[in-house]
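> Construct the complete structure from the given sequences, taking the supplied hints into account.
Chains A and B, in that order, are what the protein sequence lines are.
Residue numbers for the first sequence follow the numbering used here, so the first one is 1 and each next one is one higher.
Residue numbers for the second sequence follow the numbering used here, so the first one is 1 and each next one is one higher.
Calculated from the structure, these hints are not laboratory results.
It is possible that part of the hints are untrue.
Remember, identical chains collapse to one label, so a pair may be satisfied in a single copy or spanning two.
Cut-off 30 Å, straight-line C-alpha distance, at most; resulting in silico cross-link-like pairs (DSS-like, lysine-lysine) [as the list claims (entries may be wrong)]: (1) K251 to K15; (2) K16 to K251; (3) K474 to K15; (4) K107 to K241; (5) K356 to K89; (6) K15 to K424.
Protein chains: 2
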Amino acid sequence: MAYKSDIEIAREAQKKPIQEIGAKIGIQSADLLPYGHDKAKVSQSFINSVQGRPDGKLILVTAINPTPAGEGKTTTTVGLGDGLNRIGKKAMVCIREASLGPNFGMKGGAAGGGYAQIVPMEEMNLHFTGDFHAITSAHSLLSAMIDNHIYWGNELDIDLRRVVWRRVVDMNDRALRQITASLGGVANGFPREAGFDITVASEVMAILCLAKDLKDLQNRLGDMIVAYRRDRSPVFCRDIKADGAMTVLLKDAMQPNIVQTLENNPAFVHGGPFANIAHGCNSVIATTTALKLTDYVVTEAGFGADLGAEKFMNIKCRKAGISPSVVVCVATVRAMKMNGGVAKADLGTENVDAVKAGCPNLGRHIENLKSFGVPVVVAINHFVTDTDAEVQAVKDFVAEQGAEAVLSRHWELGSEGSADLATKVAELADAGTADFAPIYPDEMSLADKIQTIAKKIYRADGAVMDQKILDQLKLWEDQGYGSLPVCMAKTQYSFSTDPTLRGAPTGFNVPVREVRLSAGAGFVVAVCGEIMTMPGLPRVPSAESIHLNEDGQIEGLF
Amino acid sequence: MAYKSDIEIAREAQKKPIQEIGAKIGIQSADLLPYGHDKAKVSQSFINSVQGRPDGKLILVTAINPTPAGEGKTTTTVGLGDGLNRIGKKAMVCIREASLGPNFGMKGGAAGGGYAQIVPMEEMNLHFTGDFHAITSAHSLLSAMIDNHIYWGNELDIDLRRVVWRRVVDMNDRALRQITASLGGVANGFPREAGFDITVASEVMAILCLAKDLKDLQNRLGDMIVAYRRDRSPVFCRDIKADGAMTVLLKDAMQPNIVQTLENNPAFVHGGPFANIAHGCNSVIATTTALKLTDYVVTEAGFGADLGAEKFMNIKCRKAGISPSVVVCVATVRAMKMNGGVAKADLGTENVDAVKAGCPNLGRHIENLKSFGVPVVVAINHFVTDTDAEVQAVKDFVAEQGAEAVLSRHWELGSEGSADLATKVAELADAGTADFAPIYPDEMSLADKIQTIAKKIYRADGAVMDQKILDQLKLWEDQGYGSLPVCMAKTQYSFSTDPTLRGAPTGFNVPVREVRLSAGAGFVVAVCGEIMTMPGLPRVPSAESIHLNEDGQIEGLF
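Structure, rendered in structure tokens:
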């Protein structure tokens, strides 16, 4: 049997006007700012008007450590949302927006896959509603104002060598990683080293995704540290007086975007911070608004559960005052087999032993997730080559961990395939057994927070931090940043910092190479390993084959 | 009597839903891609569907050389459009989009002024429908792909020192004018000098504004020269294989944006190329589409008539196969007085002699415009301090030139104030006396085209080009670019290249400093004097006071 590609399915979507989708969750046309006929932003006045309502139940979708086999976390998020609607529940999905730049390197990602997708797929991979462009603009304005301040006399006494605010562009452009700026003489300013990151790595992105409202947004923007003086005292965005204009540039970008699934159920797609140097979740404003509109909100976290779910719990939930009723951990038979040592080329052959050998990775994630006080369901995202025996092996393993694994066939069948998963998830959410708590308190020292995550989540012997890093953390504590959560930046492929170490490794340390303060976003980043904040393009970038065909359709993007 | 500010008037606008505005010119809801409730893009299928219709009459609004007093070219364009509708004609306005970056330096510009404005004003000065962001993205993609090509082996043999494709950002950021890129070692590429221009200076912008359709757009993008080899042979965008993906990024940006005047008449606001290194007009696709939809289309050209109207005629009209039925040259009593030697502080005092002394600047523009075979009307854009005697002095002068000057009070009264102007303009357009022709033929040599403009339009003794420039022009002719029009880049403040030389100077030369080939846009730029393609921010940028007030309204932008 031949399966259709994601893009073929997406192009056949019977989309409804976005006004009809909005109406399903009580948003009238006047409160929807349309972008074309199939996308809209939700007005701030509508968001204000629903604040008094009770919250629905939040369902987090996370996954095992990613493998080249693919797990289908977003696909499962979308499939579960549709499944809940199918079994008569009022539910919606909240996911992140895609970054523009990387689509021109590798092929762009669908929002989901198979019959569990969010549309319009092309536009979500291109300019969408312009949120990331607005973030680029706001970031760039601050960049220009910092150098302009220095140019006109540097009243704030910024140390040229200690400007920590880099520039951004939403493009994979390695040539801009490290530059010398302000060359060419007096009229162009004071030469200094500088560089660009990709837009999703901007602290502005993280802030937009954590801010409660526009006022909170402006405050956080103002709190960002952009440079230091020779005496090491920080210079804030507020000192540059850029926070007001940046907020104006971000006014529309702060409003959640509503789109639809292939089954015409509503979805918020809003915000997209990096999952390494930032927290990797969709916006707080989208999630909290969705919770006022439907009884169940399905959302996802970045990477595997060790990074994404941990940050979702310890950063987003803590800051937004929300908590999940259930966590769904996505696994696939194929990924279990890879964890069990099977090469990608051999994944199509039944191998129950390899499945069993790979299960400990899943087991540790289940245990970790439970430690946040939240019930866990494993979703086995079905692939056509999976055998019954392999699926049963996963189910048996999960049962031993005191949880339940449900086979879900949303990719192939849409909500018909995810109804069982939805039923189980709704049952657990309704049971109200969740008793959520972050795994470390605000008042724990920054170094101990890092140790806690390294030991309790990664199961490392400990985090290794040299004196310079410990001193830096201490200094930030003295400056009043001690109560911030930490944001771990490490490889997503392993519990350890070695991407090749699959399964459930033990007996390793987590070396912390560097710490960074995101004072506006409100977290301290612990960098453990190489972190790339400006990707490059491959030898043959996908851009070379992207074009419009004779019918005006986009080819080569997927 | 106290007058309201532009922003106060704009905020009081009784806007109609954009679907109603579209319906006025026969565009149904399905063919409007809305961006919020008051902006939309016109679908390509609608544009295709009207191609068989006859063209309406095109009216060009231009002006004398700008003075600090302000002439109100856009205000008059909008006022005339409303005036034509008021006297029962079916008419619409086509103007350019505003650039984002400069709004954070100086206060942003309204689209028009007083009671002759286009709304929504704030959004038109911010992200609008994202066209400029799309242009920035497309331009940045090509930039990244060029350095990526070099990084992966430089198969095209690009000379690192001869990459002529600069980068762009829509921000006033002088620190980026000249940089060294690809620093930091092997992984970041080969270090080379580079730099950024502001987005409106991008050749992509000029192309978007000259392309007939998406196919033409892609062809022109492919034709752009991005670098040279050591043997001086050009490397094209097409060689980098970026043209297809750039077209995909520009797909929506190519569609004209429809908004409305304060009097709820339709306006296309689309494209905004620089008026010095590019041709400075709104898009061809907007203008040609508007001509299919209404009987009269009022559009404007950049700067004064010596630059803007000349390029409109010799570049845009020639390339698009359109021609104006009437040209309106905007003048004000105040500007005449400044041309006559009065200081700005004294403009409020009646001074008929100064008005008369300043009139020759206007006279020369009238003569120039007539040389294109098009009838000319002078619009005296009324200012509250103008006296009857001063207005009469302008009218008398214009009558001596064989044209007519009409006082227009659209700023104060909207269409009630511009009905006389509209009546005169419609009468001239309907008379059908225009017999348009560019002032030089395609087959004239590039050097002679420059000489022709310098002598016939500027009334210089001649253009001065050294041998190097003449050789360059000759080389381009040999390469097949000889039939392109030339795009003059000189000061807008004078017929000469000396911005302080007001009035109608003679006895000067026009030194051509440099020539550039915009092979995709399809013109050769002759740079005469200092041209800034990346502005800086002032000591106290307006961004410092831009913010959202308690009601969520934008303050400080205007």
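> A separate judgement is required for each hint: does it hold in the structure or not?
These are the hints, each one checked on the structure:
Taking the shortest Cα distances, K251 and K15 sit within 30 Å of each other both inside one copy (28 Å) and across copies (21 Å). For the homomeric pair K16 and K251, the shortest alpha-carbon distances inside one copy (27 Å) and between copies (23 Å) are both at most 30 Å. In this assembly of identical chains, the alpha carbons of K474 and K15 never lie at most 30 Å apart, being 54 Å within a copy and 56 Å across copies at closest. In this homomeric assembly, K107 and K241 come within 30 Å of each other (Cα to Cα) only across copies, at 16 Å, whereas the closest approach inside a single copy is 40 Å.
Taking CA atoms no more than 30 Å apart as the test, K356 paired with K89 passes in neither setting, with 35 Å inside one copy and 79 Å between copies. For the identical chains of this complex, K15 and K424 are intra-copy neighbours only, at 29 Å inside a copy versus 50 Å across copies, given an alpha-carbon limit of 30 Å.
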